[in-house]
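Novice: Need the complex rebuilt from these two chains, each delivered in its own frame; the hints are there to steer you.
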Amino acid sequence: MILGMIVGNVWLDALIRLGGVALLVPLYMIIITWTERKVIGRLQMRLGPMRVGPYGTLQGLADTIKLLTKEDLRPTTADRWVFELAPFAIVVPVIMALVALPFTADILIRNLTLGLFYIVALQGVSIVGFVMAGWGSDNKYALIGAARAAAQLISYEVPFILSILAVAMVASSLDIGVIVGMQGDTPLIAYLPLAFVIFVIAGLAELYRQPFDIPVAESEVVGGPFVEYSGIRWSMFQLGEFVSMVLISILGSLIFLGGWQWPVGGDVPVVVQIALMAVKTSAFILFFIWMRASLPRLRIDQMMAYCWQLLLPFAFLQIIINGLVLAYDWPHWTMTIMSLVALGAFVYVTNRAARQSGVTYQPSAASAQRVGSVL
Amino acid sequence: MTVEHRAPAEHELDTIDININVGPQHPATHGVFRMVLTVDGEVVTDLDPVIGYMHRGNEKLPENCDYRQAIGYHDRTDYLAQFSTEHCFVEAVETLAGLTAPDRAEYIRVILAELNRIASHLMFFGAFATDVGVFGTAFMYAFRDRETIQDLFEEVTGERMMYNYFRPGGVAWDVPDDFSERTKQVLAKINSGLNDLDGLLMDNEIVLARCRGLGSVSPEDAINWGLSGPMLRASGVQHDIRRAEPYSIYDRFEFDVPTGDQGDVFDRMYVRLEEMHQSVRIVEQALAQMPEGPIMAEGMKRILRPPAGEIYMRVESPRGEYGVYIVSNGSDKPYRHKVRGASFSNLSALRAMSIGHYVADVIIILGSIDIVLCEVDR
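Protein sequence lines, in the order shown, are assigned to chains E and V. For the first sequence, this note's numbering gives the first residue as 550, with consecutive numbering after it. For the second sequence, this note's numbering gives the first residue as 3, with consecutive numbering after it.
If you are wondering where the hints come from, they were derived from the structure by calculation, not from laboratory data. A portion of the hints provided could be inaccurate.
Stated by the list, open to error - When the alpha-carbon atoms are kept at most 20 angstroms apart in a straight line, the in silico SDA-like pairs for lysine to any residue are as follows:
| id | chain 1 | residue 1 | chain 2 | residue 2 |
| --- | --- | --- | --- | --- |
| 1 | V | K191 | E | L592 |
| 2 | E | K689 | E | S779 |
| 3 | E | K689 | V | Q27 |
| 4 | E | K689 | V | N21 |
| 5 | E | K689 | V | T47 |
| 6 | E | K689 | E | G772 |
| 7 | E | K587 | V | R146 |
| 8 | E | K689 | V | D42 |
| 9 | E | K689 | E | W783 |
| 10 | E | K615 | E | S779 |
| 11 | E | K689 | V | I22 |
Okay, chain V solo, but in the shape it has when bound (with noise of 0.2 angstroms):
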């Protein structure tokens, strides 16, 4: 009996995928999110998205607050765009309850709203150009810009994270005296840190060679996912609630929609930079035709009991639609608190987009997703 020696062949040889756990403390997680890549060599054939690191009960909690004491809980959900979703629950609280916020209460509002979004999309900027591989430098010039609107958002409301500001019926007290100018001041720092920003990743052939092409999302797709917000814009189409059902005070600005064309990383990336100029038309806008007078509709009473009913608000927040589901039974808690977060619809695409691709690129499609963990899992 011989025994037979030979080397086996390439194809014989076994090779197994090995998974890589990436997070929930990774530097590219933004976040507590975790995903488990099975990996081919550097491919990722794989990709299993692990979420609820950060789960709160955010949406249980408010049924046992005051309708005043839920503000602060939205601002907990998106951290990154409070006045959005503080703006999302007032209103729908304004809704049921039939009351009507003044114009000037409004306008603030808007503002604030519009200038967190570029503080959120400036905070995209830094993360997403950190994970494309500058060392720092995009994430520094974002933060400059950033720091003047959570100045600017402390004079307001007193606090950098979590303002609390809104109320169903107005806002919590009147904005400082020299508001206008201040923020006027802002957006010319914007303007030109834009202009950085711009100059350093939009025309770089590094970030062009990595982000084009890269997890494209065909319209149809993107509809079908629920996608919304840049995510479903950097597809072509062209739906903003801001436009689609204005709410608030919207229908009173000029605004362009900006959409990409290819649905892939970059556009998510350009969607984004474009939305912050269209922010800063609209703050223009805003500040200019902003009334004096009250700040609070007429007849508040101290305990809000909005009628029995339900409500679904939703607005577009820098991630994409927020939305506040809200069931009253006369009482003066919710009877049932429902939200909607952007993020988590959006995450949800992120194993088609991503397998396929190479560890690093997963890594960037996860951050043009731009999930705020918080939202994800409330």
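Only chain E is shown next, with the shape it has when bound in the complex (with noise of 0.2 angstroms):
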């Protein structure tokens, strides 16, 4: 009786999914730093954590009891509110993001019909958390790191959110229980390959990870908006870029491969579905940790410069792309053959914009034959 009372209050319902996804992020949150740490650690021929645990398994543990107990310091010219709260503005948003975020088709907290609306706008809020850092730190590392998350942010959420109202318009719905389901044949990447591309390079810099890890650039402003925080709360600020980081890497795996549907159709059983889903975001979120450890940082303006005059006309593309074909009622494979004429013309752009000054590495026996001035 009292279990047909639980799963009957809408309320006591909503108390127990929220308070399973509050245990499970720090739990998660261990898995994936242990995770992180060992897979660099390979692709840099060391062993990565070992000590702690078997394979080092229990290092997160240890790592966390460690940021707990240790001292919580702020520095005397903060601004002590600004300082003490930045990390919940950080926190705070994307944890409620998850809340909109279905993972199968049953573990959800609640599926809104506006939820990809509702996800985008919560996952930009926590900006504000940056530039509360750096204000509140005092510290200029931190105030040029808060000055530089503010700009990349806010430009790579216009193609972000572009690239995602790609998919909106093939699926005309916000609502991502519906979108998954319309998957059930081709996933949305077939359709949308640009978009997918887009959506991966801007959900890159929403992460701040290399390349575009600008505003917390270890050799150049030590860390950034956070280079003032110790303990616990500079722990929220890893906290709040690791569930961003599933939080995009569920995201993905949900608008563009297709969540827990696969391509094969039918009824998914709840194993599978739960599988596929594992599977597709462990896809993503090792792409991102790949990318971390291979790619060197992307200057501030090239930075702006990449997002405003290339991803952005795109993502524009992209759109226009997808009112034609759904204007006209043209059939869907249409939609894929532009987008992927579009995505060479992109990756073109890309490598000649790079390659602007016209220069190209010279292999080793041109250097040879070049004769200087001999002094």
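Specialist: Shown next, in the form of structure tokens:
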């Protein structure tokens, strides 16, 4: 009877589901930190964490305990409330965004009709936290980092949203359940490869990971907005970053890779649904980690130019392609072809822009023939 | 009387340039270098380098030391190219004292100095890539190969950092029996490691976008500033002391002097990569030619007393021209002892190269100079 009451009561039900998420998030953060350190370690021919627990699996737990017990320092000149509230301004919105994010058809908190809109809106709020942290710390590195973060996150929000908009156009819905439902046969990446690439690139920038880690650049601004934070507050920034990463990964697998559906169609058993989502989400996360280990960092003006001059026009191009196909009721495969052509153009232009000096790397024999003046 | 209230127009708003203190403890200053940046937004309008945190009197101290005791102080000037610095000092003392090191000793010196050049440039690649933003991957690649060189040095000298192995008149003791095979193994590893670095960095679009055309120095400016080494050659001046005035036995080897053509950050990186290939070539030739025989000159006195006189000896260290000036008054200690550090002169161009660039660029311009603070401050 109590069970019936719990299941029947909307509020109790929501509370239990929220509690589940609140428990899962720190646990998942520990797992993902370990994964990241391990994968990056392997990519760099190191072992990664090995000491705490078998294969270092308990490293994340040890780190958490260390961070929790560490002294919570605040600079004397800091703007107290701004400084102390900034981590919350970053973490709370991303965790709130998880509310509308289904993992499988059944594992979800609430499926909102305007789910996509809600998630994207809350994802954007965390910028405020960065600016607060940068201003409140009373540190020049933090201030520069915050200015960079504001510029970058706001700029990349635009192509990010446009690429999601392309999905919403095809699905003609903002309800994630509906969007996944219509991908029973063909995941949307098949129709919108360009939008997918833009989504991933803008997602990297939203997560400020390499090559877009400009706000937190270790070798320039020494950690940026959170240079003055320590202990639990610092770990809240990390939490925010990792939850964002999971959020974007899940979102990407839902709206582009078909979520818990598979191309074979038909009813998918729950276990397979979970496995499908786990694989797709992990693929995203591993991609982000891989990028982090292998790419250098862009400069801030290059990053901005890349956004406004390349990503944005091509995101609009995808929207126009979608509009044409949908308005004239052409078959969906025409969208694929046009999007692929645009993607090719995008790759070409990006490559050209990066090598705009016109000078490419000369192989080793060339230098021997150059004759300079000998002193 | 009315008070006018109006919002200030944009040009009336007060904007101030702020100073940012970078260093002496900052991940990108490669030691204890400090620079005070004046920035207008992200653009650096002025730069004030502050050096001297590492000053230990490495030029004055040897004046109270026996000639052999002074070798260790040279290890401690450029701690990434110890063999080059030792080489410079012992060649200077030998010339002053009229000694000639036996052939085998010279070959050992050249092999070790060239391997040391590779180790130093690998260190540059690791640190520079970290400055550009690669999250430690290039660093680990570079250090994997550097470690093989370090192991070899440890086998030969018993030390990993302050080798203190070259002596006026020769080297301290002979190399191990399997030195030749061990060196060949090391070279094989370096060759494959260089390809890894090449693939990771040199053709990367982001590295190109960041480094091409940044901090260009014209050949004339490079000469006027007294730049040397890869900094000078990147500007297109084909000047290498090993080639221009061959010391030791460098006239016996075939090698190229790679140059850049724009003098920008990328060219400096490229020149260093090519130099590593050339060093491998030199070591291979030296291994093939290395004779058996003594490793110390005949008739060495227990205490070395060079005749009165003075000498300036310069060698091509990985960072450029490393010079030693010694005045002898006939006693067992140098009367005057002065070091010319390549990093110090190269660093003097930092301000001119940096002004007008973004903060992020100044960091990699500094990284491209490849300074060793112990050599700058001495």
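Novice: Confirm or reject each hint.
Specialist: These are the hints, each one checked on the structure:
For a cut-off of 20 angstroms, the pair hint linking K191(V) to L592(E) stands: about 18 angstroms separates their Cα positions. Distance hint between K689(E) and S779(E) is fulfilled; the C-alpha atoms sit about 17 angstroms from each other, no more than 20 angstroms. Taken as a hint, the K689(E) and Q27(V) pair is honoured in the structure, with Cα atoms around 15 angstroms apart against an allowance of 20 angstroms. For the hint pairing K689(E) with N21(V), the CA-to-CA distance comes to about 9 angstroms; that is within 20 angstroms, so the pair holds.
Distance restraint check for K689(E) and T47(V): the Cα-Cα separation of roughly 16 angstroms lies within the 20 angstroms cut-off, and the hinted pair is therefore satisfied. Using a Cα cut-off of 20 angstroms, the hinted pair K689(E) and G772(E) holds, with the two alpha carbons roughly 12 angstroms apart. Restraint check for K587(E) and R146(V): satisfied, since their Cα atoms lie roughly 18 angstroms apart, inside the 20 angstroms limit. Restraint check for K689(E) and D42(V): satisfied, since their Cα atoms lie roughly 12 angstroms apart, inside the 20 angstroms limit.
Our distance criterion of 20 angstroms between C-alpha atoms is met by K689(E) and W783(E), whose separation comes to about 18 angstroms. Our distance criterion of 20 angstroms between C-alpha atoms is met by K615(E) and S779(E), whose separation comes to about 11 angstroms. For the given pair, K689(E) sits about 7 angstroms from I22(V) by alpha-carbon distance, which is consistent with the 20 angstroms threshold.
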